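Colleague: On the provided structure of chain A, position chain B as indicated by the hints.
Protein chains in written order, with our numbering: chain A, 1 to 376; chain B, 1 to 306.
Hints are computed from structural coordinates only; laboratory data are not their basis.
There could be a bad hint or two in this list.
Here are the simulated lysine to aspartate or glutamate pairs, EDC-like style, with alpha carbons at most 16 Å apart [what the hints assert, rightly or not]: (1) 187/A <-> 230/A; (2) 276/B <-> 167/A; (3) 266/B <-> 266/A; (4) 173/A <-> 183/A; (5) 276/B <-> 183/A; (6) 23/A <-> 55/A; (7) 23/A <-> 346/A; (8) 23/A <-> 275/A; (9) 357/A <-> 266/A.
Now the in silico label distances, taken between C-beta atoms and shown as ranges [to be verified]: (10) 98/B <-> 162/A: 44 to 54 Å; (11) 136/B <-> 250/A: 22 to 32 Å; (12) 80/A <-> 273/B: 39 to 49 Å; (13) 279/A <-> 127/B: 33 to 43 Å; (14) 102/A <-> 292/B: 37 to 47 Å; (15) 279/A <-> 91/B: 47 to 57 Å; (16) 68/A <-> 98/B: 22 to 32 Å; (17) 107/A <-> 260/B: 23 to 33 Å; (18) 126/B <-> 264/A: 28 to 38 Å; (19) 92/B <-> 272/A: 54 to 64 Å.
Here the structure is a predicted model, which is why all the values come from computation and not from measurement.
Here a beta-carbon is modelled for each residue, glycine too, at the ideal position from N, C-alpha and C.
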Amino acid sequence: MKTFLMATAAAALCATSAMADVKVGMITTLSGGGAGLGIDVRDGFMLAIAQSGRDDIEVVIEDDQRKPDIAVQLSDKMIQSERVDIMTGIIWSNLAMAVVPAAVNQNVFYLSPNAGPSALAGRGCHQNYFNVAWQNDNLHEAAGAYANEAAYKNSFIMAPNYPAGQDALTGYKRMYGGALAGEVFTKLGQTDYAAEIAQIRASGADSVYFFLPGGMGISFLKQYADSGVDIPVVGPAFSFDQGILQAVGDAAMGVINTSQWNKDIDNPTNAAFVETFQAEYGRLPSLYASQGFDTANLLVSALEKADPSDADAFRDALRAADFDSTRGDFAFGPNHHPVQTIYAREVIQEGDVFTNKIVGVALENHSDAYAADCKM
Amino acid sequence: MSTILVIEQILNGLQFGVMLFLMAAGLTLIFGVMGLINLAHGSLYMVGAFSAAAVAGLTGSFFLGLIAALAAAALAGALIEMVVIRRLYKAAHLDQVLATFALILIFSEGTRWIFGSFPLFLDIPDMLSGPVTLPGGIQYPLYRLTLIVIGLVVAIGLWALIERTRLGIQIRAGENDREMIAALGVDISKLYTIVFALGAALAGLAGGLVGAIQSVQVGMGEPVLILAFVVIVIGGIGSIRGAFIGALLVGLTDTLGGVFLPELFKLFMETGAAQKSGSAIASMGIYILMGIVLVWRPTGLFGARA
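With the rest of the complex left out, here is chain A (with noise of 0.2 Å):
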């Protein structure tokens, strides 16, 4: 209710400002399933703009409900008739593959908070495009490394039967070298899982690895806690973030989990955004927070440097990355795809708020797989 009604102000206060000079158009997920992840990259974006002090930026919120059809028609008019400079907002990989190879060939610079399909990191990379989160397989490549840390030898995993779940289990093997228990496709947007927890009963695994992003992996959580079965979990940070670790509760503890970004991540910048954060909108920041507010830092740093209308200056300025990001030094590699440290978390439990704790490096300075295919 409150973040409704503070995101309308701010919507209210972008209609007024029409003498900006910067317009942004930010497609995002408000609503239906899946809306909490789009409402924590806007917070965390229109955060940043406010801290930058800066009025010149015109930041353009549109609700794509998740659907590809509506997130066109939103991109379309964003371009046509807003005219805007730069995009942004984009959560689902399948919606992203909608919109921003038309987007950027349009003179239009995208800036991803969160999809990071591989058809974009590698033959299908372009100069206006960049990913500020993280390539697809980055955070599954990193569970596939802990693994082999922590000396697992037979695992069993399982992911949804769609684009990015075959992409989860593949990079999650690419990193592994271990043997397969057992390899299962679920359903997309399935919520029983009493089958697979049976499968992996039987299997005689050693650990279990998922890709069960939002309401899936909160079921699969609660029933796998509730079947008895105490082989170890590991997964990405996907279903572990902020907003879902409250609704999944005790059955989450302890579980080892992969990711980008986390809140104890020791830097001033990390420090005053969890602190300024949560004193704006009353809750703690997730990863998608985190990656919205590097989002719009990285815009800004680019604004000091040059306009968008001069395209080349501005993106060099984009490439060089010179802001002060959450994850501490920032880095963008070939294909304007992160390079980064990935982290292993564990989920443990602060007073009566359940959150993560950062254990370990999984993966260090890493790339991804498909950036020597980009040629730009």
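Modeller: For chain B alone, kept in the frame of chain A given last:
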């Protein structure tokens, strides 16, 4: 593949089936008695889950939460029947679909407005948590066994209500000839409100029960709604017995198909590809079942009307 695993998967299928029955029973009752297609039935399931999570969170008692789920869903059902649905009985099915679809949007955004966009927490009560060991050494979660028992008890209760009580006689009469029972002095609009609230309460109960093992979030009702429609089409629209048999068939087909088809494909494919194609075909399983049933019996297994 061991016998234990097979038995465990059959139990999983049964548990899924009886929960589907709770959803499908209300849906089929409402269609049978009032001739109304209620797309908002999934929203009532969501109302149940959210009420259970909110009350359980406040009081710390799962059982109070379940009572709240029943009450809130029944209340919401009675309310939308009196305010919206009542105007639709004479309307075409397309108008009903449009209006009840609007209700889905109103319920979803209304719930988000009250509870926010992040999923709520609802957990299994301590006394029902953890696995129990069944004869034969099968470890099975106690809560899922409880769900099977509750589902069967509700099914028997519903059968007794329809077959053995005065209200049941009126409901059955209403299905056959609504003008005639109105002429006999039964307050038909009150009967409709009661039937609608009863259907809603069953959906709310399912929402509260299932919410404890799944995620309580906006939009959780729609995937279940689609399955419930498949169930009532298979069982025969308007038939409670059909809904029961249909729900068990769908539950078992979906669960066992998802496990055994990939295993079957592994016999002649390599593992990764077998998983991918096996699970893709398994997810079509219930629709293939529906197709076969409809070819064999166009009105469903126990459907009376054409």
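Colleague: Taking the hints in turn, state whether each one holds.
Modeller: Verification of the hints:
Among the hinted pairs, residue 187/A with residue 230/A is inconsistent with the structure: their alpha-carbon atoms are about 24 Å apart, more than 16 Å. The suggested pairing of residue 276/B with residue 167/A holds, with an alpha-carbon distance near 13 Å, which does not exceed 16 Å. Between the alpha carbons of residue 266/B and residue 266/A the distance comes to roughly 48 Å, so the proposed pair goes past 16 Å and is violated. Taken as a hint, the residue 173/A and residue 183/A pair is honoured in the structure, with Cα atoms around 11 Å apart against an allowance of 16 Å.
For the given pair, residue 276/B sits about 9 Å from residue 183/A by alpha-carbon distance, which is consistent with the 16 Å threshold. Proposed proximity of residue 23/A and residue 55/A is supported: the alpha carbons are some 11 Å apart, at most 16 Å. Of the supplied pair hints, the one linking residue 23/A and residue 346/A is violated, its CA atoms being roughly 40 Å apart against a limit of 16 Å. Of the supplied pair hints, the one linking residue 23/A and residue 275/A is violated, its CA atoms being roughly 28 Å apart against a limit of 16 Å.
Our distance criterion of 16 Å between C-alpha atoms is met by residue 357/A and residue 266/A, whose separation comes to about 12 Å. Between residue 98/B and residue 162/A the beta carbon distance is about 30 Å. The supplied range of 44 to 54 Å is therefore violated. For the pair residue 136/B and residue 250/A, the beta carbons lie near 30 Å from each other, so the given range of 22 to 32 Å is met. Against the hinted window of 39 to 49 Å, the Cβ-Cβ separation of residue 80/A and residue 273/B comes to about 44 Å, which satisfies the hint.
For the pair residue 279/A and residue 127/B, the beta carbons lie near 41 Å from each other, so the given range of 33 to 43 Å is met. Here the CB-CB span from residue 102/A to residue 292/B is close to 43 Å, well matched to the stated 37 to 47 Å. Against the hinted window of 47 to 57 Å, the Cβ-Cβ separation of residue 279/A and residue 91/B comes to about 52 Å, which satisfies the hint. Between residue 68/A and residue 98/B the C-beta distance comes to about 24 Å, which sits within the given range of 22 to 32 Å.
In this structure the hint that residue 107/A and residue 260/B lie 23 to 33 Å apart at CB is violated, the actual value being about 53 Å. Distance hint check for residue 126/B and residue 264/A: the Cβ-Cβ separation is about 32 Å, which falls inside the suggested range of 28 to 38 Å. The hint said 54 to 64 Å for the Cβ distance between residue 92/B and residue 272/A, and at roughly 60 Å that hint holds.
Hint compliance for this structure: hints 1, 3, 7, 8, 10 and 17 are broken, all remaining hints hold.
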